[in-house]
Amino acid sequence: MSRKIYSLSKIFSIYKKLGLVKRNMVKEVSKTTRINKREKRRINLNIVKEDVITVVNKANPGTGLIVKTLANTGLRIFELINIKNDDVTLFNKDYLKVKIHGKGDKVRFFYSSKTLYIEIKETFDSDSEYLFHSKRGLKLSRINLYKQVSRAFKRYTGKVASPHSLRHFFSTYKIGNEKKDVKSVSNYLGHSRASVTLEMYTHTSLSPEESHII
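At position 200 of the sequence shown (counting the first as 1) the number is 200 in this note's numbering, and the numbers step up by one without a gap.
One should not assume that every hint holds.
What the hints assert, rightly or not - Straight line, CA to CA, 30 angstroms or less: simulated DSBU-like cross-link-like pairs of lysine-lysine:
id, residue 1, residue 2
1, Lys84, Lys103
2, Lys58, Lys154
3, Lys106, Lys179
4, Lys135, Lys49
5, Lys106, Lys84
6, Lys93, Lys179
7, Lys99, Lys179
8, Lys121, Lys154
9, Lys159, Lys49
10, Lys180, Lys93
Said to hold, decoys possible - Now the in silico label distances, taken between C-beta atoms and shown as ranges:
id, residue 1, residue 2, range
11, His101, Asn60, 25 to 31 angstroms
12, Arg136, Arg108, 54 to 60 angstroms
13, Met25, Glu129, 55 to 61 angstroms
14, Phe91, Asn177, 21 to 27 angstroms
15, Ser7, Leu138, 38 to 44 angstroms
16, His101, Thr123, 19 to 25 angstroms
17, Ile214, Ser2, 38 to 44 angstroms
18, Leu138, Val160, 24 to 30 angstroms
19, Ser2, Glu129, 41 to 47 angstroms
20, Leu45, Asp86, 31 to 37 angstroms
If you are wondering where the hints come from, they were derived from the structure by calculation, not from laboratory data. Glycine included, every Cβ here is placed at the ideal spot set by N, Cα and C.
Required output: the full structure, derived from the provided sequences and hints.
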């Protein structure tokens, strides 16, 4: 907002010099009004656990499994489509550790149960380098996947939802329903700004068992 006000002020300064306006109204307003506070984002989540389960069970196996993975991990859509098989390593007898390349090339990890991993490998069963891939073994299209998930929610629940809605579902469910520590969930989601803001609260993290919802 501050940058926009500054840009408008420059434009009106030029208009004033050209004689198109008598005064720089934007500059006068900016002297008394300063935008220096970030507006709080409010997430209006309209899907619940039952909606997610409905889509997982009724959509085609590929779409349902992607919805299930996003709901259980809170991954961004670009993070999911970029997971390669080489990013998956054994964590313990029940869980696998998956490397994620997030925003700004920041690396973090999430845990996948062996049951979910086996389900993924059986559904996406080509020799592709990507964990999730097209029928030809190619990297999934971000746009097509967005449409696919959105259509599934509209068809089976009548609600408007997207892959990113599942990220919000994961975080709100963990914090609101399971009462997990905000800092832990923030770290798990890869929110670097939130991790700095919430540094004073706790230094814990979600265990593999705590990360799965459905």
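Handout entry: List of violated hint numbers, smallest to largest
Key = 12
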